[in-house]
Amino acid sequence: MVSQVRAQPTLNADDLELAIVRSVRGSPTDLGSQNSPEPPDDPQSARIEALVDLAKGGDSEAFGQLYDHYADQVFRYIYYRVGSRPLAEDLTADAFVRALRALPRFTWQGSDFGAWLTTIARNLITDHFKSSRTKREFVADEVPDSDDTRDGPEQEVLTNDANQALMDALRTLPDDQQECLVSRFLLERSIAETAALMDRSPGAIKQLQLRAIRTLAKTFPEGLR
Amino acid sequence: MTGRLWGDRRAEAFQNALDGHVGLTEHELAEFVRLAHALRDVSPVSLDNEARDSIRARLVAEADTVLTPSAPAPAPRRARRRTVRAVAGTTAAAAALSAGLVTVSADALPGDVLYPIKRGVEQLELTFGGDGASAANVHLDHASVRLDEATALAKGGGDSDQITNALGDFTSDTRTGSGQLLRAYASNNNPAAIDDIRTFTRRAAEQLRDLAPMLGTSTDAAFTRAVEAVERADRRAIDACPTCAGGPAVQVPYMTDPIGHLETLPHHGGHDDGNGGGNKDRGKNNGSDDFLADPQSIPKGTTLPDIDGDFQDHEPNNDTGDDNHGDTSRPKLQGGNDSDDGSSSLDDGPDLGDGTGLDNGTIDLPDLPDLPDTDDGIGGAIGLGPVEAILGPVQNLLNNLGPLGHALGPVLGGDPKSGKDGDSKGSLDGLLDPDKRKNRGNDNGQSRPDTLEPQREQAEEATPEDDGTDGQNGPNNQGDQNNQNNQNGQNNGPLDGLVGPVDQTDKGPDVGEDGLGGLTGNDQEGTTR
Numbered sequence: 001m002v003s004q005v006r007a008q009p010t011l012n013a014d015d016l017e018l019a020i021v022r023s024v025r026g027s028p029t030d031l032g033s034q035n036s037p038e039p040p041d042d043p044q045s046a047r048i049e050a051l052v053d054l055a056k057g058g059d060s061e062a063f064g065q066l067y068d069h070y071a072d073q074v075f076r077y078i079y080y081r082v083g084s085r086p087l088a089e090d091l092t093a094d095a096f097v098r099a100l101r102a103l104p105r106f107t108w109q110g111s112d113f114g115a116w117l118t119t120i121a122r123n124l125i126t127d128h129f130k131s132s133r134t135k136r137e138f139v140a141d142e143v144p145d146s147d148d149t150r151d152g153p154e155q156e157v158l159t160n161d162a163n164q165a166l167m168d169a170l171r172t173l174p175d176d177q178q179e180c181l182v183s184r185f186l187l188e189r190s191i192a193e194t195a196a197l198m199d200r201s202p203g204a205i206k207q208l209q210l211r212a213i214r215t216l217a218k219t220f221p222e223g224l225r
Numbered sequence: 001m002t003g004r005l006w007g008d009r010r011a012e013a014f015q016n017a018l019d020g021h022v023g024l025t026e027h028e029l030a031e032f033v034r035l036a037h038a039l040r041d042v043s044p045v046s047l048d049n050e051a052r053d054s055i056r057a058r059l060v061a062e063a064d065t066v067l068t069p070s071a072p073a074p075a076p077r078r079a080r081r082r083t084v085r086a087v088a089g090t091t092a093a094a095a096a097l098s099a100g101l102v103t104v105s106a107d108a109l110p111g112d113v114l115y116p117i118k119r120g121v122e123q124l125e126l127t128f129g130g131d132g133a134s135a136a137n138v139h140l141d142h143a144s145v146r147l148d149e150a151t152a153l154a155k156g157g158g159d160s161d162q163i164t165n166a167l168g169d170f171t172s173d174t175r176t177g178s179g180q181l182l183r184a185y186a187s188n189n190n191p192a193a194i195d196d197i198r199t200f201t202r203r204a205a206e207q208l209r210d211l212a213p214m215l216g217t218s219t220d221a222a223f224t225r226a227v228e229a230v231e232r233a234d235r236r237a238i239d240a241c242p243t244c245a246g247g248p249a250v251q252v253p254y255m256t257d258p259i260g261h262l263e264t265l266p267h268h269g270g271h272d273d274g275n276g277g278g279n280k281d282r283g284k285n286n287g288s289d290d291f292l293a294d295p296q297s298i299p300k301g302t303t304l305p306d307i308d309g310d311f312q313d314h315e316p317n318n319d320t321g322d323d324n325h326g327d328t329s330r331p332k333l334q335g336g337n338d339s340d341d342g343s344s345s346l347d348d349g350p351d352l353g354d355g356t357g358l359d360n361g362t363i364d365l366p367d368l369p370d371l372p373d374t375d376d377g378i379g380g381a382i383g384l385g386p387v388e389a390i391l392g393p394v395q396n397l398l399n400n401l402g403p404l405g406h407a408l409g410p411v412l413g414g415d416p417k418s419g420k421d422g423d424s425k426g427s428l429d430g431l432l433d434p435d436k437r438k439n440r441g442n443d444n445g446q447s448r449p450d451t452l453e454p455q456r457e458q459a460e461e462a463t464p465e466d467d468g469t470d471g472q473n474g475p476n477n478q479g480d481q482n483n484q485n486n487q488n489g490q491n492n493g494p495l496d497g498l499v500g501p502v503d504q505t506d507k508g509p510d511v512g513e514d515g516l517g518g519l520t521g522n523d524q525e526g527t528t529r
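These protein sequence lines are chains A and B, in that order. Following my numbering, the numbering of the first sequence begins with 1 at its first residue and continues without gaps. Following my numbering, the numbering of the second sequence begins with 1 at its first residue and continues without gaps.
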């Protein structure tokens, strides 16, 4: 720790991104693309496209399958933002309902369906926070989500102290920083995907990412150990 | 000390953050990378299954409502029906899933508070039923549940409308499920699909047999359709795989209450169908046409086909009336024949006779010449095989009709249509034709336009029994017909004579119908789907 005092700020946000990407994959490609929900041009995306077309044509089951495919992504995104499972479930349902109603107007304009869904979810979260600022604070500060304890093994891992503390710390960050970190690391989206989602430039996302991590590091020094 | 350092750094970082231009040291970089990994290592959360399912159910239900309008969906009717049910049931089911009401609702009967939840849960089952054979079996399971409900309702003196609805849903689920299984079998030759159908039909036939005595006349039409659907599914399964085990074709002696049926039957022509638009059609043909048609048809080629045709007519109409149209229409047609399969052949036989008149009306006479093609006859024969199984019940029906037939006799004789048709055929033909035409049109359409179905039909038709069947049927039919015919009486003689010619003509019409068939074929396809 002490050594930090002598460090000179010679590196920038790009370096951080590069370092992160390298540390993850050993190659300087997009971090997110590795696990990104929808790598372009693969059979999966062709399937999604077909499902969207079917759903637009009135096939409700096709929409159900789209839901099956994206439910966890959307839920995860919302959950990491709101920190409450019941609320996240509600908002997830709302997001899909909105998507359903907007589906006839959905077009493949440079964004994949998952990104579109996430954008809808994002707007919902924003609305939710707006409509209940107080509650939002409450939710954000609400630490351990008791609901997690009733979840399966997967969630139980999350409830381990380290994870929980980290998530708690994350939720104390400013909204945009939270969102950036959630997208980049919890959802493993690429810089480009995160930029599209947050409607910012990739460069701005890199800066935001750096600020966010720095803030988190200060808020949650244990995470550095 | 650490705290102090962190405090300093925090201030510095804050400043940097404000600047928006942040530099960092290598040490920080390493720390941040580690932190990023810590975030990445957080185990992903996911929806628990309960929430996932309930949200899905709600979405699919809503999708039916939201998406259908803009959708030139293949089977809009079916979608609509599903929507109604889904909206009412699925939403409730979603709520119920978490409330633990699902198990409680399992025994709910129509009219019960929890019944919509039960149906909603079924909707979920369908939603998660997968594809192909598994989804088909879900349909058959639901059909069984409907039959259980109908039985429970009947035992408890339940509302006849509810019984009718339960039977109607049983019928459509039976058709859908068995149709899907037949398709599955056609694509993979897995005899399990056939076995599934026949297991279902055997059980359903037993239940229907037990149920029959408990039903009043107001449910006759629905019951008849249910029986027909079961027998048809069974027959089609046998036809699809004659070598598959499963025992003899099922029969449901549903005429347990001859008196009631007799009374009802006349109505059937009109009333039963009355449910759907089909009746109207029938009305055109003549309420009695159905009956007449049957007798006539029987004498002509094969009695059975006619019968089937009659049933079909009823069914189709009913179906049409129902949302099922898409689905049912096809099945009905087929079913009617016992139908589809046989129907092509069967239909041809009887249809020709009947259809002839109609066909003639629609189709140019020139077509008739084409008819002479024996193909129709052959086809009819093929179809007959399956029909035989059904003959038992049919005969019963005919016997029951006997009295009605007498009553109808005059009507038949006086049929105006016959006059119309009269051109080529007897009055009977005229009468028969209208209905038959419809059926036929569909059948033909299916078989010819559709490649798949035609194949199926052919396969079914191909059954060796055909010729023999015809012969057999002939006698049976005649016997039955005799009853009816006698009633109708006069017509029979002439009709029989006509039959030969008629058949030919019929064939002709069939050919001509092909064009029509195309239209119908589409419908059927939709339905089948």
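Quick caveat, the hints were computed from the structure, so don't treat them as lab data. The beta-carbon is built from N, C-alpha and C at its ideal position, and this holds for glycine as well. Among the clues, some could well be false.
[Unchecked claim] Residues from chain B shown here face chain A by an in silico Cβ test under 8 Å; the list is partial:
id, residue
1, VAL33
2, ALA36
3, HIS37
4, PRO44
5, ARG52
6, ILE55
7, ALA63
8, ASP64
9, VAL113
10, TYR115
11, SER218
Checked hints:
1. The interface hint given for VAL33/B holds, since its Cβ lies 5 Å from the closest Cβ of chain A, which is under the 8 Å cut-off.
2. The interface hint given for ALA36/B is met, as the beta carbon of that residue sits about 5 Å from the closest beta carbon of chain A, less than 8 Å.
3. Checking HIS37/B against chain A: minimum C-beta separation of about 7 Å stays under 8 Å; hint holds.
4. At its closest, the beta carbon of PRO44/B sits 6 Å from a beta carbon of chain A; the interface hint therefore holds under the 8 Å criterion.
5. Below 8 Å, beta-carbon pairs count as interface contacts, and ARG52/B has one with chain A at about 6 Å; its hint therefore holds.
6. Here the hint on ILE55/B is kept, as its CB sits about 4 Å from the closest CB of chain A, short of 8 Å.
7. Checking ALA63/B against chain A by beta carbon gives a least distance of about 3 Å; that is within 8 Å, so the hint holds.
8. For ASP64/B, the interface hint holds, the least distance from its beta-carbon to any beta-carbon of chain A being 5 Å, beneath 8 Å.
9. Given the 8 Å rule on beta carbons, the hint for VAL113/B is violated: about 25 Å separates it from the nearest Cβ of chain A.
10. Hint on TYR115/B is violated. Least Cβ distance to chain A is approximately 22 Å, over the 8 Å limit.
11. Interface restraint check for SER218/B: the shortest CB-CB distance to chain A comes to about 34 Å, outside 8 Å, so the restraint is violated.
Hint check: violations occur at hints 9, 10 and 11; the rest are consistent with the structure.
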